[in-house]
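**Q** Just so you know, the protein sequences line up as chains U and P, in that order. Heads up: the first sequence at position 114 corresponds to 114 in the working numbering, and the numbers run straight through without jumps. Heads up: the second sequence at position 60 corresponds to 60 in the working numbering, and the numbers run straight through without jumps.
Be careful, since some hints might not be right.
Copies of one chain are not kept apart here, so a pair can be met inside one copy or by any two copies together.
To be verified - The calculated DSS-like cross-link candidates involving lysine-lysine, where the alpha carbons are at most 30 Å apart (straight line), are:
hint: 1; residue 1: 106; residue 2: 43
hint: 2; residue 1: 94; residue 2: 60
hint: 3; residue 1: 60; residue 2: 108
hint: 4; residue 1: 94; residue 2: 68
hint: 5; residue 1: 60; residue 2: 104
hint: 6; residue 1: 94; residue 2: 108
hint: 7; residue 1: 60; residue 2: 106
hint: 8; residue 1: 43; residue 2: 5
hint: 9; residue 1: 104; residue 2: 43
hint: 10; residue 1: 106; residue 2: 68
hint: 11; residue 1: 5; residue 2: 104
hint: 12; residue 1: 94; residue 2: 43
hint: 13; residue 1: 50; residue 2: 106
hint: 14; residue 1: 104; residue 2: 72
hint: 15; residue 1: 50; residue 2: 94
Source of the hints: derived by calculation from the structure; they are not laboratory data.
For reference, the chains in residue letters:
2 protein chains.
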Amino acid sequence: MQLTKYTDYTLRTLLYLGAHQDRLSTISEISEYHNVSRSHLVKVVHQLGKNGFIITVRGKNGGIRLAKEPNKIQLSQVVRLTEPHMNIQECFSKETNTCPLIDKCKLKLVFYDAREAFMRSLEDKYLNDIL
Amino acid sequence: MQLTKYTDYTLRTLLYLGAHQDRLSTISEISEYHNVSRSHLVKVVHQLGKNGFIITVRGKNGGIRLAKEPNKIQLSQVVRLTEPHMNIQECFSKETNTCPLIDKCKLKLVFYDAREAFMRSLEDKYLNDIL
């Protein structure tokens, strides 16, 4: 069981910004620090901006910074944003399902509960808890 | 976040055997029913046998069946067997980690807890709960 690379890069970006709150950061320096391609980070930063986690300052000396205090950035919110489907098994989605038991089997319900337990455990965790 | 195909096939094999406890089943019929390649199922069946979940009867009229009652087959045990690493993030393993923050960052601890919450929620679930 694994979270996507996209979630990983998103969390790393937030960690970087959390560690450099005194100034603006750039995608290039995060890309270099984490050895993650710029194009991946552009997508990450765009989504984080659109969802109010970070602020982009345009212009020559522009850059990005957290839009709120690290103790207001809930990790479960971030993961729900970056892992919107959380389809732990292929039968979680009608598009991917190939299992003929889909209508009878209760496995899905069991894994729904497990996924919720996973997410609930992230609900009281904030960015400042991991900095 | 997704469990591996291997876990999926293992659970489907157990479900099939749970639904046909009155007789021996064959890998070929499970392969056909679930439209999963025989070679994948051979590995699954081998591991399930080695770990005491199923019994293989050799010979012309041979086949496989559950080695214990469905209410004795704990789903968390199965998932721990088929997802031995459960490396939710690349930093869970020194081999895969590329993040320079590995020694300072507490993200791993947070996700360890979340993973444990996931597994705990499977601990009181048995094969008969999903049949």
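**Q** Compare the structure with each hint and give your call.
**A** Here is what the structure says about each hint:
1. 106 - 43: between (37 Å within a copy, 25 Å between copies)
2. 94 - 60: neither (47 Å within a copy, 39 Å between copies)
3. 60 - 108: Answer is neither; intra-copy 51 Å and inter-copy 36 Å both fail.
4. 94 - 68: neither (37 Å within a copy, 32 Å between copies)
5. 60 - 104: Result: close neither inside a copy nor across copies, 60 Å intra and 32 Å inter.
6. 94 - 108: Only inside one copy: residue 94 and residue 108 sit 12 Å apart there, 32 Å across copies, limit 30 Å.
7. 60 - 106: neither (56 Å within a copy, 34 Å between copies)
8. 43 - 5: both (12 Å within a copy, 28 Å between copies)
9. 104 - 43: between (39 Å within a copy, 26 Å between copies)
10. 106 - 68: between (41 Å within a copy, 20 Å between copies)
11. 5 - 104: between (33 Å within a copy, 20 Å between copies)
12. 94 - 43: Answer is both: 27 Å inside a copy and 27 Å across each meet the 30 Å cutoff.
13. 50 - 106: between (37 Å within a copy, 26 Å between copies)
14. 104 - 72: between (42 Å within a copy, 21 Å between copies)
15. 50 - 94: within (29 Å within a copy, 33 Å between copies)
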